[in-house]
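J.: Chains as they are written, first to last, in the UniProt record's numbering: chain A, 1 to 217; chain B, 1 to 217.
What the hints contain is simulated information worked out from the structure, not anything from laboratory work.
There may be inaccurate statements among the hints.
As the list makes no split between identical chains, a pair holds if one copy fits it or if it spans any two.
Said to hold, decoys possible - Within a straight-line C-alpha distance of at most 20 Å, the following computed SDA-like cross-link-like pairs (lysine to any residue) qualify:
id : residue 1 : residue 2
1  : Lys93     : Val26
2  : Lys93     : Ser2
3  : Lys207    : His54
4  : Lys180    : Ile67
5  : Lys158    : Met186
6  : Lys158    : Asn127
7  : Lys194    : Asn183
8  : Lys123    : Val133
9  : Lys209    : Tyr159
10 : Lys123    : Val135
11 : Lys93     : Ile66
2 protein chains.
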Amino acid sequence: MSIKLHGYWRSTATYRVRIALNLKGVDYEYVPVHLVANGGEQHSMDYARLNPAHLVPTFVDEDEDIILNQSLAIIEYLDERYASDFRLIPEHKTERARVRALAQDIACDIQPVGNLRVLNALKGTFNASQDDVSVWAAHWITLGFDAIEKRLQTQSGKYCFDFDVTMADICLVPQVYNAKRFNIDMDQYPLISKIADNCNALEAFEKAKPENQIDAS
Amino acid sequence: MSIKLHGYWRSTATYRVRIALNLKGVDYEYVPVHLVANGGEQHSMDYARLNPAHLVPTFVDEDEDIILNQSLAIIEYLDERYASDFRLIPEHKTERARVRALAQDIACDIQPVGNLRVLNALKGTFNASQDDVSVWAAHWITLGFDAIEKRLQTQSGKYCFDFDVTMADICLVPQVYNAKRFNIDMDQYPLISKIADNCNALEAFEKAKPENQIDAS
Numbered sequence: 001m002s003i004k005l006h007g008y009w010r011s012t013a014t015y016r017v018r019i020a021l022n023l024k025g026v027d028y029e030y031v032p033v034h035l036v037a038n039g040g041e042q043h044s045m046d047y048a049r050l051n052p053a054h055l056v057p058t059f060v061d062e063d064e065d066i067i068l069n070q071s072l073a074i075i076e077y078l079d080e081r082y083a084s085d086f087r088l089i090p091e092h093k094t095e096r097a098r099v100r101a102l103a104q105d106i107a108c109d110i111q112p113v114g115n116l117r118v119l120n121a122l123k124g125t126f127n128a129s130q131d132d133v134s135v136w137a138a139h140w141i142t143l144g145f146d147a148i149e150k151r152l153q154t155q156s157g158k159y160c161f162d163f164d165v166t167m168a169d170i171c172l173v174p175q176v177y178n179a180k181r182f183n184i185d186m187d188q189y190p191l192i193s194k195i196a197d198n199c200n201a202l203e204a205f206e207k208a209k210p211e212n213q214i215d216a217s
Numbered sequence: 001m002s003i004k005l006h007g008y009w010r011s012t013a014t015y016r017v018r019i020a021l022n023l024k025g026v027d028y029e030y031v032p033v034h035l036v037a038n039g040g041e042q043h044s045m046d047y048a049r050l051n052p053a054h055l056v057p058t059f060v061d062e063d064e065d066i067i068l069n070q071s072l073a074i075i076e077y078l079d080e081r082y083a084s085d086f087r088l089i090p091e092h093k094t095e096r097a098r099v100r101a102l103a104q105d106i107a108c109d110i111q112p113v114g115n116l117r118v119l120n121a122l123k124g125t126f127n128a129s130q131d132d133v134s135v136w137a138a139h140w141i142t143l144g145f146d147a148i149e150k151r152l153q154t155q156s157g158k159y160c161f162d163f164d165v166t167m168a169d170i171c172l173v174p175q176v177y178n179a180k181r182f183n184i185d186m187d188q189y190p191l192i193s194k195i196a197d198n199c200n201a202l203e204a205f206e207k208a209k210p211e212n213q214i215d216a217s
């Protein structure tokens with residue numbers, strides 16, 4: 001298969017790309033990279049040649065001779081590569097900008113501060129316990145969701161933007177999954193919760209769920 | 001003036017948008033938001049109405065009736081709004097993807113983990129000293145720059161991509177500025193250093209420097 005996605009079932013960044021591939025109807029080969037087993041397979045020499053940052057996901061499109069990291073860059077690439085299909089980023093410039101900003105509210109302000117490597121570093125550097133790092137992760141998710149819930153009050157419909165499923169929803173659903181792992185009370189976020197439920201009713205989101213991946217454990 | 005940028009002189013995310021505005025030749029009003037004085041002006045009620053995440057920058061385009069956060073979303077918006085000018089994101093889909101990925105290597109993997117609010121939280125939560133948080137910030141910059149230096153070996157020229165200045169350079173230069181604040185030895189990164197020097201020789205980058213802003217202190 002010419003499209004490969006190297007990733008980890010629980011990685012929310014990988015999860016985003018799986019949803020995008022499914023929404024676009026793109027067949028792909030999923031190559032598991034276990035972030036915990038074997039000292040972290042993302043540190044293997046083979047993987048580091050694909051992605052010198054030792055992070056997932058990495059996307060390969062052999063037909064176009066491109067190896068790409070960064071989930072949002074991959075999603076935008078998919079949207080441009082399969083441009084005739086359903087759009088993940090709308091066409092009008094102000095709508096495009098709002099979709100990107102909301103996606104980045106998650107991908108820049110929430111996810112990076114609470115991901116696995118950061119939580120491990122807190123344990124190693126500051127002797128943080130598992131409880132400490134759970135509180136840490138929950139803090140940043142709460143801060144981020146507080147702001148997103150407010151933004152959704154002015155613009156959302158069935159999805160983050162009333163027009164259709166976009167890259168913003170693709171980022172929101174994995175972050176909600178992650179929030180539940182950290183026991184965030186989602187009743188505080190009725191709009192986020194409703195949108196996540198509406199998305200999860202779609203087959204593209206269902207198929208992309210962590211528990212439905214071959215490397216889930 | 002119809003374009004306003006609310007930001008902070010030392011914020012690297014604000015610095016990125018200043019460079020993009022200058023490269024595009026867009027006149028704008030700069031509205032300082034002091035992140036430290038007065039308990040943090042980003043927490044004021046007036047500012048929180050503009051940006052419920054209490055983060056900088058916030059960009060306002062009155063003519064298009066849009067208020068936008070997230071530096072990369074703002075930069076892409078500027079590139080689409082002033083599409084006839086010099087492009088910050090190239091036209092071909094694989095080049096666009098690579099530029100976005102490199103920009104996100106900085107905006108998602110480096111900057112969020114070492115920004116002011118995170119360093120303050122480390123002090124508050126884990127009793128970290130100023131030295132501790134400096135080591136923390138330097139660690140993530142080093143990890144990120146190690147990977148970026150490797151990527152640049154396969155693609156860079158005078159700038160991150162040999163074709164021209166792009167959004168990747170717009171993200172790289174502020175991150176180099178930040179790295180120097182944390183005393184990173186930039187001799188480890190000859191390509192990053194050369195590219196930053198080449199960019200800084202351009203007026204658009206010079207005018208955008210933190211020390212050249214009205215709120216610099």
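J.: Does each hint hold? Answer for all of them.
T.: Comparing the hints with the structure gives:
1. Lys93 x Val26: between (26 Å within a copy, 17 Å between copies)
2. Lys93 x Ser2: Result: close only across copies, 17 Å inter versus 32 Å intra.
3. Lys207 x His54: neither (26 Å within a copy, 35 Å between copies)
4. Lys180 x Ile67: neither (32 Å within a copy, 31 Å between copies)
5. Lys158 x Met186: This pair counts as within: shortest intra-copy Cα distance 17 Å, inter-copy 49 Å.
6. Lys158 x Asn127: So Lys158 and Asn127 fail the 20 Å test inside a copy (43 Å) and across (43 Å) alike.
7. Lys194 x Asn183: Only inside one copy: Lys194 and Asn183 sit 18 Å apart there, 46 Å across copies, limit 20 Å.
8. Lys123 x Val133: both (8 Å within a copy, 14 Å between copies)
9. Lys209 x Tyr159: So Lys209 and Tyr159 pass the 20 Å test inside one copy only (18 Å; across, 39 Å).
10. Lys123 x Val135: This pair counts as both: shortest intra-copy Cα distance 13 Å, inter-copy 15 Å.
11. Lys93 x Ile66: between (27 Å within a copy, 10 Å between copies)
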